[in-house]
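Number of protein chains: 2
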Amino acid sequence: MNTHLIGLDWGSTHLRAYRYDSQGQVLDKRALPHGIRQLPEGGFGAAFALAVEAWPDVPVIACGMVGSRNGWREVPYLDTPTDVDRLADALTAMTTPDGRTLHLVPGLRDPSRPDVMRGEETQVVGVAALLPDVARHGCLLLPGTHSKWVSLRDGVVTGFATVMTGELFGLLKEHSILGAQLPPAIDDEHAFLCGVDAARDSGAAGALSRVFSARTLMLDGSLPPASVPDYLSGLLIGDELRIALASGWATPHDSIHMVGEGPLCDRYVRAAARFDLTLRAAPDATTSHGLWRIAVAAGLVSTQATA
Amino acid sequence: MNTHLIGLDWGSTHLRAYRYDSQGQVLDKRALPHGIRQLPEGGFGAAFALAVEAWPDVPVIACGMVGSRNGWREVPYLDTPTDVDRLADALTAMTTPDGRTLHLVPGLRDPSRPDVMRGEETQVVGVAALLPDVARHGCLLLPGTHSKWVSLRDGVVTGFATVMTGELFGLLKEHSILGAQLPPAIDDEHAFLCGVDAARDSGAAGALSRVFSARTLMLDGSLPPASVPDYLSGLLIGDELRIALASGWATPHDSIHMVGEGPLCDRYVRAAARFDLTLRAAPDATTSHGLWRIAVAAGLVSTQATA
Numbered sequence: 001m002n003t004h005l006i007g008l009d010w011g012s013t014h015l016r017a018y019r020y021d022s023q024g025q026v027l028d029k030r031a032l033p034h035g036i037r038q039l040p041e042g043g044f045g046a047a048f049a050l051a052v053e054a055w056p057d058v059p060v061i062a063c064g065m066v067g068s069r070n071g072w073r074e075v076p077y078l079d080t081p082t083d084v085d086r087l088a089d090a091l092t093a094m095t096t097p098d099g100r101t102l103h104l105v106p107g108l109r110d111p112s113r114p115d116v117m118r119g120e121e122t123q124v125v126g127v128a129a130l131l132p133d134v135a136r137h138g139c140l141l142l143p144g145t146h147s148k149w150v151s152l153r154d155g156v157v158t159g160f161a162t163v164m165t166g167e168l169f170g171l172l173k174e175h176s177i178l179g180a181q182l183p184p185a186i187d188d189e190h191a192f193l194c195g196v197d198a199a200r201d202s203g204a205a206g207a208l209s210r211v212f213s214a215r216t217l218m219l220d221g222s223l224p225p226a227s228v229p230d231y232l233s234g235l236l237i238g239d240e241l242r243i244a245l246a247s248g249w250a251t252p253h254d255s256i257h258m259v260g261e262g263p264l265c266d267r268y269v270r271a272a273a274r275f276d277l278t279l280r281a282a283p284d285a286t287t288s289h290g291l292w293r294i295a296v297a298a299g300l301v302s303t304q305a306t307a
Numbered sequence: 001m002n003t004h005l006i007g008l009d010w011g012s013t014h015l016r017a018y019r020y021d022s023q024g025q026v027l028d029k030r031a032l033p034h035g036i037r038q039l040p041e042g043g044f045g046a047a048f049a050l051a052v053e054a055w056p057d058v059p060v061i062a063c064g065m066v067g068s069r070n071g072w073r074e075v076p077y078l079d080t081p082t083d084v085d086r087l088a089d090a091l092t093a094m095t096t097p098d099g100r101t102l103h104l105v106p107g108l109r110d111p112s113r114p115d116v117m118r119g120e121e122t123q124v125v126g127v128a129a130l131l132p133d134v135a136r137h138g139c140l141l142l143p144g145t146h147s148k149w150v151s152l153r154d155g156v157v158t159g160f161a162t163v164m165t166g167e168l169f170g171l172l173k174e175h176s177i178l179g180a181q182l183p184p185a186i187d188d189e190h191a192f193l194c195g196v197d198a199a200r201d202s203g204a205a206g207a208l209s210r211v212f213s214a215r216t217l218m219l220d221g222s223l224p225p226a227s228v229p230d231y232l233s234g235l236l237i238g239d240e241l242r243i244a245l246a247s248g249w250a251t252p253h254d255s256i257h258m259v260g261e262g263p264l265c266d267r268y269v270r271a272a273a274r275f276d277l278t279l280r281a282a283p284d285a286t287t288s289h290g291l292w293r294i295a296v297a298a299g300l301v302s303t304q305a306t307a
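Line by line, the protein sequences are chains U and A. The numbering used here puts the first residue of the first sequence at 1, with every later residue one more than the last. The numbering used here puts the first residue of the second sequence at 1, with every later residue one more than the last.
Mixed in with the good hints there might be a few duds.
[Claimed, not checked] Short derived list, chain A residues pointing at chain U, Cβ under 10 Å: (1) GLU189; (2) GLY203; (3) VAL211.
[As the list claims (entries may be wrong)] Covered stretches of chain U (chain A as the covering partner; in silico rule of three or more C-beta atoms under 8 Å from a C-beta of chain A): (4) 109 to 120; (5) 151 to 163; (6) 170 to 181; (7) 198 to 205; (8) 241 to 255.
[As the list claims (entries may be wrong)] Some residues of chain A that are not near chain U, with every Cβ distance over 10 Å (derived): (9) GLN25; (10) LEU27; (11) LEU78; (12) ARG86; (13) GLY99; (14) ILE177; (15) PHE212; (16) PRO224; (17) ARG267; (18) ASP284; (19) SER302.
These aren't lab readings, by the way, just hints derived from the structure by calculation. From the three backbone atoms N, C-alpha and C, an ideal C-beta is built for every residue, glycine too.
If we strip away everything but chain U, and leave its shape as in the complex, we get (with noise of 0.2 Å):
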């Protein structure tokens, strides 16, 4: 079968690689460990050349941080708000040391807040292009270590913010006095969602208002060494959904799509009950699909079947 497109998602900690048909069907891929922070001797050119190695000579197109300041181009931020068109308009071509064309999609930036995203971008196209209704009045949320809230109409990404909800927990287990000295975590519901009612009972004063609270309901006896994790995390993504509500990303009975699977995914459904939020999950393979529909919109394949 014809390979017509190669589409690398290339992150931080991931390089990913899909082989394309002429329908934009994936026929082969391929996951690498070289994120752009853990590339082989070598560099970009040598990681790139693994990914794509005895792929034919078509066009390549890559997201994420391989445009970033530290990736291998740095490829601007386009403004909000903004379309699949304009995001094709402004891919940055590079020839690459074995000689083939890379087109490297450009992260969006928020000018109003400002805030930015890189690689998210193509995972919203591929949500859109997959649920109409989504791309023409909805609402996306790209939950991790820094959780996008993406507002889409009329198929334009209109504004977003993120929330360092992932990072923050991390830091707060890791290296805060709340996390000091613990045992190793166990899993408990009933901890998690008395964080998230912490988190969203506490009003327009926030959950900073009350983290201390992991200590002090653990020193109470109240709360199990081995669950101030499960609680912290339940306070954060929390805070995280009442942020969303305050600010107006998300109305209480809106249907909000949560792009990405797992445990993850799962803790911030159950936190949304909480809220009389639904989360719904979007379709999974969203960034290999918006790969294909932004080089499609670029014209770097042809969508009519070839020989």
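Since chain U is already given, all that's left is putting chain A on it; use the hints.
Frame of chain U, contents of chain A only:
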């Protein structure tokens, strides 16, 4: 001159000793590096012996982490509301290896949150004795790693709350992406006030919804990398003030007294002005005065002049 009392301010990282005359005047003071985390060989007994060495065998009173779970002897917290007499009634006496009697001041617990303090209760007693108006109806701020906001009515500590401002600043600066790869910090008052204003203007969402801006403003070129720490400092101190107002710990026309001095307190004063709040410096030497007042209330010393 006769010695009537010895007082110890014994925290995690410091040990200060005071020798008092019959009127509560400090005749002599010592500072030792032997906080409970930095004990000399011989442990608590050896540190104690150094602190009181060659001083007369009079009652000794101590406050701070020496009475915590990791201290010399754990002293249970006393619940608010409480006043100096209840604190004095709750002293725990122990005999030291050199045969002296040591009275440990309990920490306080606000059961409504719950929240705890250990050491600050003695500072509060000292300020309340020196500032009768504040004791009658006031709000005290003790800024630091774990800032405390304390409410006083008719001489009674009615409640308090902790905000981990100082610790969170350290975590973000030392361990987060926001502080990564920054040049040596410079003093930047403009950046500090921008951070304060960002927290103030975050409204009910709070500064956690804006903290990523420390990175995006830098990437944008509008915040010099060396000024990121001052911006973060402003954002977190500003958020503490925002929280205090949102929680009703303070109201805009309150006269709030702040215990402490130096650059950190100066930052709070400048940040408070952006909220139309006035922070006044409380008299210093509050801990030594508080120890004296609790000892007097406990009957450990006579305030009669002696021959």
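Quick rundown of the hints versus the structure:
{"no.": "1", "hint": "GLU189", "result": "violated, 22 Å"}
{"no.": "2", "hint": "GLY203", "result": "holds, 7 Å"}
{"no.": "3", "hint": "VAL211", "result": "holds, 6 Å"}
{"no.": "4", "hint": "109 to 120", "result": "holds (count 5)"}
{"no.": "5", "hint": "151 to 163", "result": "holds (count 3)"}
{"no.": "6", "hint": "170 to 181", "result": "holds (count 6)"}
{"no.": "7", "hint": "198 to 205", "result": "holds (count 3)"}
{"no.": "8", "hint": "241 to 255", "result": "holds (count 3)"}
{"no.": "9", "hint": "GLN25", "result": "holds, 36 Å"}
{"no.": "10", "hint": "LEU27", "result": "holds, 36 Å"}
{"no.": "11", "hint": "LEU78", "result": "holds, 14 Å"}
{"no.": "12", "hint": "ARG86", "result": "holds, 20 Å"}
{"no.": "13", "hint": "GLY99", "result": "holds, 32 Å"}
{"no.": "14", "hint": "ILE177", "result": "violated, 7 Å"}
{"no.": "15", "hint": "PHE212", "result": "violated, 4 Å"}
{"no.": "16", "hint": "PRO224", "result": "holds, 15 Å"}
{"no.": "17", "hint": "ARG267", "result": "holds, 17 Å"}
{"no.": "18", "hint": "ASP284", "result": "holds, 26 Å"}
{"no.": "19", "hint": "SER302", "result": "holds, 36 Å"}
Hints 1, 14 and 15, counting from the list given before, are not met by this structure.
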